[in-house]
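S.K.: Listed here are the chains, written in short residue letters.
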Amino acid sequence: MAAIIQTQGLTRRYGRQTAVEQLDLEVQEGEIFGFLGPNGAGKTTTILMLLGLTEPSAGSARVLGYDPVRDPLPIKRQVGYLPENVGFYDDLTGRENLRYIADLNGIPEPEATEKIESALRTVGLADEGDKLVGAYSRGMRQRLGIAELLVKDPRLLILDEPTLGLDPDGTNKMLDLIRDLNRSRGITVMLSSHLLDQVQRICHRVGIMIKGRLVALGTIEELARRKGADSGRPVLEEIYMRYFREA
Amino acid sequence: MWTICRKELADHFSSTRFLLLFCLIFMVALVAAYMAVENVHKALEGFPKSSHVFLMMFTTPGKFFSLVQFVAFFGPLLGIIMGFDAINRERHLRTLGKLLSQPIFRDAVINGKFLAGVITVTLVMVSLLLLLTGMGLVTLGVVPGWEEIARLAVYLIISIAYISFWLGLAILFSIVFRSLATSALASVALWIFFSFFMGFVADMAADTLRPVYNRRDVEQVVANDRLAHAFSLVSPVVLYGEATGPILDPFQRSAGSLLVITPMEAFSLERFRGPLPLDQSMFIVWPHIVLMMALTLICFGIGYVTFLRQEIRTV
Chain A
7 MAAIIQTQGL TRRYGRQTAV EQLDLEVQEG EIFGFLGPNG AGKTTTILML
57 LGLTEPSAGS ARVLGYDPVR DPLPIKRQVG YLPENVGFYD DLTGRENLRY
107 IADLNGIPEP EATEKIESAL RTVGLADEGD KLVGAYSRGM RQRLGIAELL
157 VKDPRLLILD EPTLGLDPDG TNKMLDLIRD LNRSRGITVM LSSHLLDQVQ
207 RICHRVGIMI KGRLVALGTI EELARRKGAD SGRPVLEEIY MRYFREA
Chain B
3 MWTICRKELA DHFSSTRFLL LFCLIFMVAL VAAYMAVENV HKALEGFPKS
53 SHVFLMMFTT PGKFFSLVQF VAFFGPLLGI IMGFDAINRE RHLRTLGKLL
103 SQPIFRDAVI NGKFLAGVIT VTLVMVSLLL LLTGMGLVTL GVVPGWEEIA
153 RLAVYLIISI AYISFWLGLA ILFSIVFRSL ATSALASVAL WIFFSFFMGF
203 VADMAADTLR PVYNRRDVEQ VVANDRLAHA FSLVSPVVLY GEATGPILDP
253 FQRSAGSLLV ITPMEAFSLE RFRGPLPLDQ SMFIVWPHIV LMMALTLICF
303 GIGYVTFLRQ EIRTV
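Chains as they are written, first to last, in my numbering: chain A, 7 to 253; chain B, 3 to 317.
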């Protein structure tokens with residue numbers, strides 16, 4: 007397995023405040039990586055730096071072998087990024103929103119329609135594709151967000167709080183979808199969240215970030231062993247709380 | 003960039019506010035042109051036909067204002083309406099982060115939006131001028147000569163540059179201000195300031211720097227007036243008015259005039275002066291045109307740089 011994301015000493019300061027400090031992170035191809043941490047821990051900033059949307063103050067990153075600062079376009083072509091609370095053009099239909107994304111990615115015509123239809127089917131919105139997005143429910147919007155990423159056939163998905171604000175049923179559907187994309191298409195997934203039981207359910211490996219620092223990295227079992235947590239049901243929560251208290 | 007431009011164009015033409023403004027402009031323009039035509043008829047009674055009757059349709063005031071004044075006044079509104087929410091609407095809808103994570107350069111977003119605006123303005127102005135020309139042909143019964151058509155074309159280009167300035171300004175505000183209402187208000191405030199208050203401000207500044215102690219002292223009056231004029235040129239509204247004047251009125255020999263002359267006096271004066279050829283008229287307003295283009299570019303340039311450097315965090 008090769009590293010698909012690799013950062014070395016990645017740092018981002020805003021004035022005197024340090025949002026991300028000396029981050030060394032590796033995400034392997036084919037895994038689902040859970041990026042954990044409380045709100046404001048620097049998860050989103052890290053993601054933005056990986057996509058070249060924010061410049062690091064120090065350190066470097068490589069995504070799919072490219073440097074996001076110098077070479078963001080090939081990264082953006084192959085990485086699907088779902089921002090937290092993603093928005094759509096509400097006065098367009100779901101299909102039209104997808105069409106715009108396909109156009110922006112320069113996907114030519116017969117192929118684009120095919121990809122849009124298959125993406126809508128995958129996320130279960132094929133029947134709702136011609137409704138205005140303004141009329142979509144929260145869960146539907148979130149699934150449309152995933153469909154937008156699938157249109158460009160990504161190798162890597164970066165999902166920022168993909169289940170935020172979804173009801174239990176919507177959450178389950180979303181998690182199943184993510185797991186399925188990873189298994190059947192071999193897409194690497196990096197997802198940030200602060201909802202621990204969900205992360206525990208689908209992630210192979212996790213990293214815990216607190217106050218801009220990566221305090222733990224490994225599989226859940228490894229972390230549990232390291233912290234001597236009971237191997238009961240909410241393992242991750244216990245590990246997390248121990249790190250959180252120490253920080 | 004063309005993808006973004008195309009989507010923005012579609013947005014402009016399907017948006018209610020644009021259609022409303024478009025209808026309003028068309029109706030007012032038609033009414034103004036109709037009244038102007040009436041007045042041209044009246045003014046020309048008893049005179050031998052002047053060589054540039056057709057252009058008079060655009061410069062003769064009807065009941066309230068001439069067509070040129072109307073565009074000078076309402077053109078900015080068109081630019082502002084299309085630009086004030088260009089970037090912050092994307093922020094508001096939370097689509098900006100998504101848009102920028104597509105494989106496009108960041109400047110394609112702002113270039114595409116500006117270009118779509120300019121194309122829309124061009125379409126509006128061209129259709130407006132064609133419509134009025136057609137109406138002039140029917141009601142005045144005068145066929146415009148080649149020179150008049152050329153003058154109208156130059157006028158068209160200046161007008162597009164003028165409205166593009168306001169478009170660029172509105173886009174700049176949409177980048178700087180997060181809230182839609184703030185950026186709209188800021189653009190409108192500047193528009194009102196430049197349209198109505200710039201004259202007072204220029205006069206005040208001139209009176210402070212070069213006061214006139216004696217109304218009979220010609221040198222003092224001229225120095226004061228020159229300074230006030232220089233100040234007022236900061237306003238694109240003034241620039242536009244002075245640039246279009248000589249273009250549409252071949253008899254006008256300078257961009258601005260110190261002397262106040264009544265229309266009758268002007269008319270009798272004109273009979274002793276020949277009309278200027280187009281290239282001479284162009285020569286008079288060349289600095290104005292360059293200055294206006296520069297203002298437009300500066301405005302867009304500031305917006306461009308600000309946008310490229312801005313953090314895109316939607317928090």
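Hints were generated in silico from the structure; no laboratory data involved. Fair warning: there could be bad hints in the mix.
Claimed, not checked - Computed spacing ranges between beta-carbons, pair by pair:
{"hint": "1", "chain 1": "B", "residue 1": "D281", "chain 2": "A", "residue 2": "E123", "range": "55 to 61 Å"}
{"hint": "2", "chain 1": "A", "residue 1": "G15", "chain 2": "B", "residue 2": "L211", "range": "54 to 60 Å"}
{"hint": "3", "chain 1": "A", "residue 1": "P80", "chain 2": "B", "residue 2": "M3", "range": "58 to 64 Å"}
{"hint": "4", "chain 1": "A", "residue 1": "P80", "chain 2": "B", "residue 2": "V236", "range": "41 to 47 Å"}
{"hint": "5", "chain 1": "B", "residue 1": "A12", "chain 2": "A", "residue 2": "D186", "range": "43 to 49 Å"}
{"hint": "6", "chain 1": "B", "residue 1": "R91", "chain 2": "A", "residue 2": "L201", "range": "26 to 32 Å"}
{"hint": "7", "chain 1": "A", "residue 1": "G140", "chain 2": "B", "residue 2": "F76", "range": "29 to 35 Å"}
{"hint": "8", "chain 1": "A", "residue 1": "R191", "chain 2": "B", "residue 2": "L21", "range": "28 to 34 Å"}
To be verified - Covered stretches of chain A (chain B as the covering partner; in silico rule of three or more C-beta atoms under 8 Å from a C-beta of chain B):
{"hint": "9", "stretch": "76-87"}
{"hint": "10", "stretch": "128-136"}
{"hint": "11", "stretch": "180-190"}
Claimed, not checked - Calculated lysine to aspartate or glutamate pairs in the EDC-like style (CA-CA distance at most 20 Å, straight line):
{"hint": "12", "chain 1": "B", "residue 1": "K9", "chain 2": "A", "residue 2": "D136"}
{"hint": "13", "chain 1": "B", "residue 1": "K9", "chain 2": "A", "residue 2": "E35"}
{"hint": "14", "chain 1": "B", "residue 1": "K9", "chain 2": "A", "residue 2": "E227"}
{"hint": "15", "chain 1": "B", "residue 1": "K9", "chain 2": "A", "residue 2": "E27"}
{"hint": "16", "chain 1": "B", "residue 1": "K9", "chain 2": "A", "residue 2": "E252"}
{"hint": "17", "chain 1": "B", "residue 1": "K44", "chain 2": "B", "residue 2": "E149"}
{"hint": "18", "chain 1": "B", "residue 1": "K9", "chain 2": "A", "residue 2": "E37"}
{"hint": "19", "chain 1": "A", "residue 1": "K137", "chain 2": "B", "residue 2": "D13"}
{"hint": "20", "chain 1": "A", "residue 1": "K121", "chain 2": "A", "residue 2": "E134"}
Predicted, not measured: the structure shown is a model, and the values here were computed from it. Virtual Cβ for every residue (Gly too), placed ideally from N, Cα, C.
S.K.: None of the hints should be skipped; say for each whether it holds.
M.R.: Hint check results:
Between D281 (chain B) and E123 (chain A) the beta carbons are some 60 Å apart, a value that agrees with the proposed interval 55 to 61 Å. Checked against the given bound of 54 to 60 Å, the beta carbons of G15 (chain A) and L211 (chain B), roughly 57 Å apart, stay inside it. Range check, P80 (chain A) to M3 (chain B): Cβ separation about 19 Å, and the 58 to 64 Å hint is violated. Taken as a hint, the range 41 to 47 Å holds for the pair P80 (chain A) and V236 (chain B), whose Cβ atoms sit roughly 46 Å apart.
For the pair A12 (chain B) and D186 (chain A), the supplied restraint of 43 to 49 Å is violated, since their beta-carbon distance comes to about 35 Å. Restraint check, R91 (chain B) to L201 (chain A): a C-beta distance of roughly 31 Å satisfies the suggested window 26 to 32 Å. For the hinted restraint 29 to 35 Å between G140 (chain A) and F76 (chain B), the CB-CB distance of approximately 31 Å keeps it satisfied. At about 45 Å, the beta-carbon gap between R191 (chain A) and L21 (chain B) misses the expected band of 28 to 34 Å.
Beta-carbon proximity to chain B at under 8 Å applies to 6 residues in the stretch 76-87 of chain A; the threshold of 3 is reached and the given coverage holds. Coverage of the stretch 128-136 of chain A by chain B is violated. Counting CB-CB distances below 8 Å, 0 residues qualify, and the rule asks for three or more. Here's how the stretch 180-190 of chain A fares: 0 of its residues keep a CB closer than 8 Å to some CB of chain B, so the rule of at least three is not met and the hint is violated. For the hint pairing K9 (chain B) with D136 (chain A), the CA-to-CA distance comes to about 18 Å; that is within 20 Å, so the pair holds.
For the proposed pair K9 (chain B) and E35 (chain A), the alpha carbon gap of about 36 Å is over 20 Å, so the pair is violated. For the given pair, K9 (chain B) sits about 50 Å from E227 (chain A) by alpha-carbon distance, which is inconsistent with the 20 Å threshold. Pair hint K9 (chain B) plus E27 (chain A) does not hold up; C-alpha atoms about 40 Å apart against a cutoff of 20 Å. As the CA atoms of K9 (chain B) and E252 (chain A) are separated by approximately 51 Å, the hinted pair breaks the 20 Å bound.
This hinted pair does not check out: K44 (chain B) and E149 (chain B) have alpha carbons roughly 24 Å apart, beyond 20 Å. The suggested pairing of K9 (chain B) with E37 (chain A) is violated, with an alpha-carbon distance near 37 Å, which exceeds 20 Å. Of the pairs offered as hints, the one joining K137 (chain A) and D13 (chain B) holds, with about 18 Å between alpha carbons and a cut-off of 20 Å not exceeded. For a cut-off of 20 Å, the pair hint linking K121 (chain A) to E134 (chain A) stands: about 16 Å separates their Cα positions.
In this structure, the hints that do not hold are numbers 3, 5, 8, 10, 11, 13, 14, 15, 16, 17, 18, in rising order.
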